[in-house]
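If you're matching them up, the sequences are chains H and L in order.
Sequence positions in the first sequence follow my numbering and run 3 to 808.
Sequence positions in the second sequence follow my numbering and run 3 to 261.
Calculated directly from the structure, the hints in this document are not laboratory data.
One or more hints might be untrue.
[To be verified] Here are a few chain L residues that face chain H, going by a calculated C-beta distance under 8 Å:
#, residue
1, Leu92
2, Glu94
3, Thr98
4, Arg101
5, Arg102
6, Phe107
7, Leu118
8, Pro127
9, Arg172
[Said to hold, decoys possible] Computed, partial: chain H to chain L, Cβ under 7 Å:
#, residue
10, Ala7
11, Thr10
12, Thr289
13, Pro373
14, Val374
15, Ala713
Where is the CB? At the ideal position from N, CA and C, for every residue including glycine.
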Amino acid sequence: MTGLATATLRRRWAAFAGMFVALALGVGLVTGTLLLITSANAQVPPRLSGSPVLVQSPAAADNDLGFTEYVPWSAARTTELVGALARVPGVVAAIPDRTFYAQAVVGGRPVGDPHPLDPQGHGWASAALRPYPLIEGRAPAADGEVVLGRDAGAPVGATVQVLTGAGPAPYTVTGLIDGPGVYLPDATAARLAPGVRLIGLLVDGPADEVAMAAAAVAGDGRVLTGEARRDAEAEAYARLRWIGAQILIAVGTLAVFVSVFIVASTFAFTATQRRRELALLRAVGATPGQVRRLLGAEALGVGLVASAVGVALGALAAPWAGDALVRAGLEPVGFTVVADVAALVAAYLGGVVVALVAVWAVARRAARVRPVAALREATVERRPMTWSRWLVGGALTVGGLALVVGSAFAEPENLMNTSLYAAMALILGLAALAPVVVGPLVRVLTWPFTLGRGATGTLVRGSAALAVRRTAGTAAPVLLTVGFATLILGFAATMTAAYGVGEKERTGAGVMVRPDTVPGLSDAAARAAGGPAPLPSVVYDASRGAVDVTGIDAVWRGDLLTATSGSLARLGTDPRGVAVVGWLDWAVGSTHELTLADGARETVTVLAVVEAAPTPVIMSRATVRAHDPSALAPVAYVLDGTAATTQARLGGGLGARAVDLTADSGGSDAEEDRLVQIFVWILVAVATGYTGLSIATTLLMAVVGRARDLALLRLAGASATRVRGLVAAESALVVAVGTVLGLAVALSSLAGLRAGLSASIGAPVDLIVPWASVAAVVGCCLALAIGAGTLSAHLALRTPAVRSSE
Amino acid sequence: MRSYPAGRLAGRVLTNAYAVRLRAVRKVYGTGERAVVALDGLTADFANGTFTAVMGPSGSGKSTLLHCAAGLERPDGGQVLIDGTDLGPLSERRLTVLRRERVGFVFQAANLIASLTAEQNVALPLRLSRRRPAPADITAALSEVGLAGRAGHLPAELSGGERQRVALARALVTRPAVVFADEPTGALDSAASRQVLALLRGLVDRHGHTVVMVTHDPLAAGHADRVLFLADGALVDELAGPLSAEGVAGRMARLEVAR
Chain H
3 MTGLATATLR RRWAAFAGMF VALALGVGLV TGTLLLITSA NAQVPPRLSG
53 SPVLVQSPAA ADNDLGFTEY VPWSAARTTE LVGALARVPG VVAAIPDRTF
103 YAQAVVGGRP VGDPHPLDPQ GHGWASAALR PYPLIEGRAP AADGEVVLGR
153 DAGAPVGATV QVLTGAGPAP YTVTGLIDGP GVYLPDATAA RLAPGVRLIG
203 LLVDGPADEV AMAAAAVAGD GRVLTGEARR DAEAEAYARL RWIGAQILIA
253 VGTLAVFVSV FIVASTFAFT ATQRRRELAL LRAVGATPGQ VRRLLGAEAL
303 GVGLVASAVG VALGALAAPW AGDALVRAGL EPVGFTVVAD VAALVAAYLG
353 GVVVALVAVW AVARRAARVR PVAALREATV ERRPMTWSRW LVGGALTVGG
403 LALVVGSAFA EPENLMNTSL YAAMALILGL AALAPVVVGP LVRVLTWPFT
453 LGRGATGTLV RGSAALAVRR TAGTAAPVLL TVGFATLILG FAATMTAAYG
503 VGEKERTGAG VMVRPDTVPG LSDAAARAAG GPAPLPSVVY DASRGAVDVT
553 GIDAVWRGDL LTATSGSLAR LGTDPRGVAV VGWLDWAVGS THELTLADGA
603 RETVTVLAVV EAAPTPVIMS RATVRAHDPS ALAPVAYVLD GTAATTQARL
653 GGGLGARAVD LTADSGGSDA EEDRLVQIFV WILVAVATGY TGLSIATTLL
703 MAVVGRARDL ALLRLAGASA TRVRGLVAAE SALVVAVGTV LGLAVALSSL
753 AGLRAGLSAS IGAPVDLIVP WASVAAVVGC CLALAIGAGT LSAHLALRTP
803 AVRSSE
Chain L
3 MRSYPAGRLA GRVLTNAYAV RLRAVRKVYG TGERAVVALD GLTADFANGT
53 FTAVMGPSGS GKSTLLHCAA GLERPDGGQV LIDGTDLGPL SERRLTVLRR
103 ERVGFVFQAA NLIASLTAEQ NVALPLRLSR RRPAPADITA ALSEVGLAGR
153 AGHLPAELSG GERQRVALAR ALVTRPAVVF ADEPTGALDS AASRQVLALL
203 RGLVDRHGHT VVMVTHDPLA AGHADRVLFL ADGALVDELA GPLSAEGVAG
253 RMARLEVAR
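Just chain H, same shape as in the assembly (with noise of 0.2 Å):
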C-alpha cells in the first residue's frame, strides 16, 4: 500500500494541505515551548560575573515550594566571615554583596521596573563584583549619596528621592553606570541589608586554587567557582522561570490539544471527501485493513514531511520568542535559546505520532465503506452518526455538563481546573455530535432565508444541511476557536471582577491600595492609606525551612483569622508572639527559635494555632520591619473614603494607586494582572491564530472538492459572482453554527464557574464576558472563512466543467 499511499500524497497534495499545515503549525508550536523550556536553565547572575569565586550562606531546609532558600549570615556573622576570607592568600577583597529594595523617583515617578522578587539596590563596593564601568562622576562615599543607571534619567549633580523599605528619602546622584541598578554607600547598605547572602571574593591568581583556600575558612558557606556560580541565581530568578515554564506548558498543551483535533478533523474531512476512492478500492479487491493501512501510509507520510518542517519553523522562532518572554518579563535579561537535540528528536516524534492517532478513528470509518459506494453517482451522506459517535460524544458532553454543574460546588483551588475541563469535554462531546446538532441549527439559523425569494438563500440551507457532515467538519475548528477565546477571556475578567468583590466581602474595606510603579507599598505609602497593610517577609526554621510570614498591627476582619486554640488578643502588639496555623504542629505556649530576614535569631512564642491564615506564621509588623528593612506590603486598605481622596494623600511619588472595591474595578495585583493578560493574549492568539488557519484549509478544501458542484450552478445559469457569493454565504453560515457552538461551549463553563465563585465568596459574582474581544475573534473566523470560500471558488470556477468530473 506504500506505493498506492506516496502515489496519492505525491499527485493529490492539495486535499492533505489543511493537515499537513495543521501538523507543522503543532509540530513548531511545541519545538518551540520544548526548546525554551530546556533552555531556561540558571546562569551566573550578570551582576556578579566579575566574581570568579563566590561564598554563598546555607540552603534552608528544603520546604513544600520546590525552590531552593537560603538563610542569610547576620551581620556579626558577616563581618567575621569577610575578614577570615580576606586573609585568605590570594584574595584581594572580600565583597558582602547586600541586596535591598531601592527605587529612584526622577519627573515625580518611581523609575526603573525592579522585580518584586529582584529589587535593584545595592551596596557600592558590590560594584566592583560586575561588568558595568561608573561612566561619570564619582562612586557614593556619605550617607544621602547615590549612584544610578544611566538610564534612571537623573543627571550627576540632581537630588531625587530614592524610595526604600520605609519610604522616600532625598538623595544627591553623585555617579551613573552603565547599567541597572540604584548603588548606595556601603554604610547605608549595610542598614537596609543587614542579612547577606554571598560573599564574592576577587582574587589574584588561579579562581580554584583560591577557591580551595577559601572553602576552609568559610565554615558553613559555600564556595562557588566557574559554571557552579549559577547556583547563586537570585532564588527570585528561579521563581520567575518557574512562571514563565507554566505558561509556556500551557501553550504547548494547548497546541498539542488543538493539534490533535485539527489533524484528526481535517484528515476525517480528505476521507469523507475521498469516500468514493475508497470504495473503489474496497470493490476491486482491498480489504478494509488494507485500506486502513493506506490512510495509515498516507498519515505517516504527511506526518514525517509536516514534524520535520514543524520542527523547522520551531527551532527558527524560538530565539525570537524568547527574546519576546523577555521583554515581557517571563524570562531573566540574558536567557538564550538552546536548541537541545532531545527537546527536537521529541517534538519531531510527537508529531508523527499525533498524526498516527488522529488518523487511527478515522481510518477505521473510512475502511468500513461499502465497496456498493463507489457505484452510486452522487456522495448523498446517509449515515453521519455512528454508534461510536453517539457514544464518545454523549459521553463527552454528559460528562462536560456535569463538570459544569460539578464547578459550582467546586473548592475554590479547584474551580479554575474544573471549568477548563468541562470546556474540553464540551467541545469535544460537540464536535462528535455536531452531525446530530448541525442540521437543525442550520435549519434554525437559515430560516429568515426561505422567506426572501432569491436562488441563493435556498441553495446555502440545502447544501449545509445535506452535506452535515462536511459542515460540522468545517465548523469544529470555529467552536473550538470560538469556545476557546470566550472562555479563556471571560474567564480572566470574570475572576478579576470576582477578585474585587471577594476583597470587599472580605474586608468590608471600601478602597484599596495597590502598588503601581514600584514592586510594593514603602511604610510611608501604608501611612499615608492610613489602613491595614500586612507586611510579607520570610523566616528560617531548622526543620520547616523557609516559612512566608506576615507582619500584622493587630488582628482585623480582612485577616480572616479565627484562633483554634490560644488567644489572638496580643498578636501584633507582642513582639515575639506569634499565630500559627495548624499544619506547622506548633503547640499554643511553645517557642521557636527562628532565622530572621537580617540573619539574626530571634525566640518567639505560640500565641494561637489559626484555621486559616495568609501565611504560616503571622506575627509583629513592628518585628518584621525590624529585621526586614526592605520588605514591602502588596495591599493597604483604607476602611473609610473613596479612591480619590486616599489617591490625593498618597500622590504620584510613592508609586501607589488607590482603587475602590466594586465589582468592576477589580483591582487585582498589578504584576499578577500582567502576567494574566500576557498570558490570555498569547492562549487566545494561538488558539486563534492556528484554529484561524484550520479554518481557511478545510474550506478550501470543501469548496475544492466541490468544484463539479459549482460547474454545474454556473451551467444551470448562474454568475461566476452568484456563484462567489454563494460560496461565502455557505462560509458565513459554517462560522454562524460554530460561533453558537462555541459560545454554548464557553457560557455554560463559564456559568459554572461563576456559580463557583460565588459560593466561595459569599456573595454574587457578575459573570463578565469581554464581548468587543470576541466579536473581533469571531470576525477574524469570518474574514478567514469568507476569504478562504471565496479564493477556492474563484480557483474551482477556472476550472471548466467537463474536467473536473473525474
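Given chain H's structure and the hints, the job is docking chain L onto it.
Then chain L, alone, in the frame of chain H:
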C-alpha cells in the same frame, strides 16, 4: 497478443460449468413501510464462456442483481455462488479476497484511482494481493485493450473511452471467473461504446471469459449471447440465440407497455 494458459481455464470449465449462480436471491432495502423489495427470490445461472446482458426499467433491480452476484452486497435471502463458492458464509475479508481473485469490475464512470497511472491502476488488484506484478502481464493486459502506448498516463489525461478500457484491462489482469460490467458504455459516445463492447465480446469469444453486463441500451445488449429482462425484482423474460438490437428493443418496449 498473449494467450492465457489453457490448463487453468480448462480446469475451471471441468469443475464448474457455471461462473455465477443465483438461487432464490432476495434483497430488501429499508425497513417497515418504507421497505423496497429490490430482488424478489430471483434465480439465474451464468454459464462459463457466455456474455449475458441484464435489462429492465429503472428500479427493476438490475443493479442490485449485479451487486449481489458480484459479492458487493449481501442478499437478505437465497444463495450466491461464484465459481462454485457459496458467498454466504464468507467473512468480509474472505469475500474481498474472492472478489479480488475471481471477479472483475467495470463501472459506468470514475473507475480509476485518479492519482495512479493507467499502468498502476491495472496492477492494483495484483498489488492488493501482495503479488509483484510482472511488467509483461500488465503490458499484455493493456495491449489487449489497445492502450499499450498510454501506460504512463494519469486518468485525467485519458479520454472517457480510454478510461473504460483501462478499467477493463484491470478487470482482466487477475484472470477472473467472471467480469461484471455496470452500464460500461453509459457515459461514452457511440464510437467509444462500440470499441468497449467489441472488447467485451472478444473476451468471451477468444479467451472464454464470462461477462455479465447491466445496461439499458438495446444496442449494447445486442452484443450479448443472452438477455435477461427484469421487472420489480423478478425475472420476467429471457432472449437467447443470435440477438439484434432491434429484437431486444422490441422486447423491451413490450415489457414497458405490459407494466
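Here is what the structure says about each hint:
no.	hint	verdict
1	Leu92	12 Å, violated
2	Glu94	7 Å, holds
3	Thr98	5 Å, holds
4	Arg101	5 Å, holds
5	Arg102	3 Å, holds
6	Phe107	6 Å, holds
7	Leu118	5 Å, holds
8	Pro127	5 Å, holds
9	Arg172	7 Å, holds
10	Ala7	10 Å, violated
11	Thr10	5 Å, holds
12	Thr289	5 Å, holds
13	Pro373	5 Å, holds
14	Val374	5 Å, holds
15	Ala713	15 Å, violated
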